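**Student:** Chains A and B, in that order, give the protein sequences.
Take -11 as the starting number for the first sequence in my numbering and just add one per residue.
Take -11 as the starting number for the second sequence in my numbering and just add one per residue.
Derived from the structure by calculation, the hints contain no laboratory data.
Here the structure is a predicted model, which means the values were calculated and not measured.
Misleading hints may appear alongside valid ones.
In silico SDA-like cross-links for lysine to any residue, where the CA-CA straight-line distance does not exceed 20 Å [stated by the list, open to error]:
no.: 1; chain 1: A; residue 1: 252; chain 2: B; residue 2: 100
no.: 2; chain 1: A; residue 1: 252; chain 2: B; residue 2: 21
no.: 3; chain 1: B; residue 1: 252; chain 2: A; residue 2: 255
no.: 4; chain 1: A; residue 1: 146; chain 2: A; residue 2: 132
no.: 5; chain 1: A; residue 1: 146; chain 2: A; residue 2: 255
no.: 6; chain 1: B; residue 1: 252; chain 2: A; residue 2: 159
Covered stretches of chain B (chain A as the covering partner; in silico rule of three or more C-beta atoms under 8 Å from a C-beta of chain A) [what the hints assert, rightly or not]:
no.: 7; stretch: 79 to 89
no.: 8; stretch: 163 to 174
no.: 9; stretch: 191 to 199
no.: 10; stretch: 211 to 221
no.: 11; stretch: 260 to 271
Idealized CB from N, CA, C, for every residue including glycine.
One-letter residues, chain by chain:
There are 2 protein chains.
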Amino acid sequence: MSQKITTMSPVTHRPRLSQTHTEAPLTLAVTAVDEHGQVQDKMIACERPLTLYLNWQPIVTLMTLGARPQALALGYLKNQGFISDIEQVESVIVDWEVHSAAVITREDTTHVRDKLAEKTVTSGCGQGTVYGNFTAGLDQIRLTKPHLSQSGIYALLKNLGQYNDTYKNAGAVHGCGICQDDQILSFVEDVGRHNAVDTLAGDMWLDGLKGDDKIFYTTGRLTSEMVIKVAKMGIPVLLSRSGITEMGLSLAQQLGITMIARAKGRHFLIYHGADTVEFDGGQA
Amino acid sequence: MSQKITTMSPVTHRPRLSQTHTEAPLTLAVTAVDEHGQVQDKMIACERPLTLYLNWQPIVTLMTLGARPQALALGYLKNQGFISDIEQVESVIVDWEVHSAAVITREDTTHVRDKLAEKTVTSGCGQGTVYGNFTAGLDQIRLTKPHLSQSGIYALLKNLGQYNDTYKNAGAVHGCGICQDDQILSFVEDVGRHNAVDTLAGDMWLDGLKGDDKIFYTTGRLTSEMVIKVAKMGIPVLLSRSGITEMGLSLAQQLGITMIARAKGRHFLIYHGADTVEFDGGQA
């Protein structure tokens, strides 16, 4: 498989990332009783609140596994449209003792309060979505046409099988990854798949990565909000182990995203963008 | 298995429920291309926005499968603390053409705007949770101690296998059910498990059902927000096909909820409340 060199726009000014009280284990050992009354040792996923502050204004409290709080904070604020320029972000300070992540930016944040009020009309996620504001700007998104192959997808799925540590140990989490060809560049698990997407968006933003030659993998379902977020990251391929919804499909068609679902082992279903996949029989 | 008679407090004044433009199919037929390039006919789950209004004030837009919009509207508003008295609800009007559900109540809703502002600090769900306000009143919850058995749980799991129609046809949805002994009283599927929980909360509220002799089943994970919502419904048993998180467990311990996860067929794990289960060998 040919290796592609990713053209990166280096971030000239990198925010200062700091984290105090860094103890935030991802899994916890507990005991459970099975159907026969036998005690078993089990690992469960941790879940902790993280309150995001933007220039000291409280924005939201996310319930998260807690693996990458700075990236999550940045990615959430970017995806929700609160901040837009990574070069103006001064620092991201995480303190688990007060379960907070503070983002300081030189960007003008005086209208955050109005935006929060607007957000309330259409907020939530598994519950709802930042609908009105969220879909703004979608028609300006232009995604590149990807070039995929059956063998390439097989190879990537095989490599992805090595990830998902927390899931394998403790379940109850969703995993997402930024991939390129058959390589996984970044992988994160979280209690909610939206946190995982936002964390990767934050990662890409910090590293100045472009999305056009990437594949976005998720264990979660491809609903409307997932498709929108990945499009905003500039990524033209969505790959999921789960299923899709009608609105997710409709948005993928509008935005020109190749949508591959039910992907596991040597099986997958392309709901949109089959013309971007070469059916080469699966042998690399 | 003995049949229990549920004591209901009949709702003397039932809200007027109306729905115009009732066409809201739950699944859609589409074509997909598999890994060999073969076209296949598939069903996918629908997903549509539903904007909730309370006394004509916009509250939130939920992305939902759309099976039971009136119950969802009532349950969401109740669980989020916007309304508290079913007897004062005049009507719930759903119009799919403008994807709206309007709830009219005689309850005082002049402080909704303030509440929405408060909500924004801790909003969202898979993304976040209505944290500060949401956990208010938890220490006033008193749940009855349930009496379960290994055979009873097996019988219920077997009956639950007959539900989940949309999931079986199209995937990409979560299902929840209110159960009593081995019977399923009400079952709903939705794109988001929180919508499904809220829909059942709305159902129970409309029918004046008490939660103390019920079991709450979900295909989704038992995270903190799920545990809190079910406790607010007065139900002392949580049964899930999936896993749990640390915070979900911690809340179940605080609230005295029997928490049974990874439940399928003749297997399950009791993370809390094993003392409420009789291990009778599984034969009814």
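**Student:** Any hints from earlier that this structure breaks? Give me their numbers in increasing order, please.
**Tutor:** 1, 3, 4, 7, 8, 9
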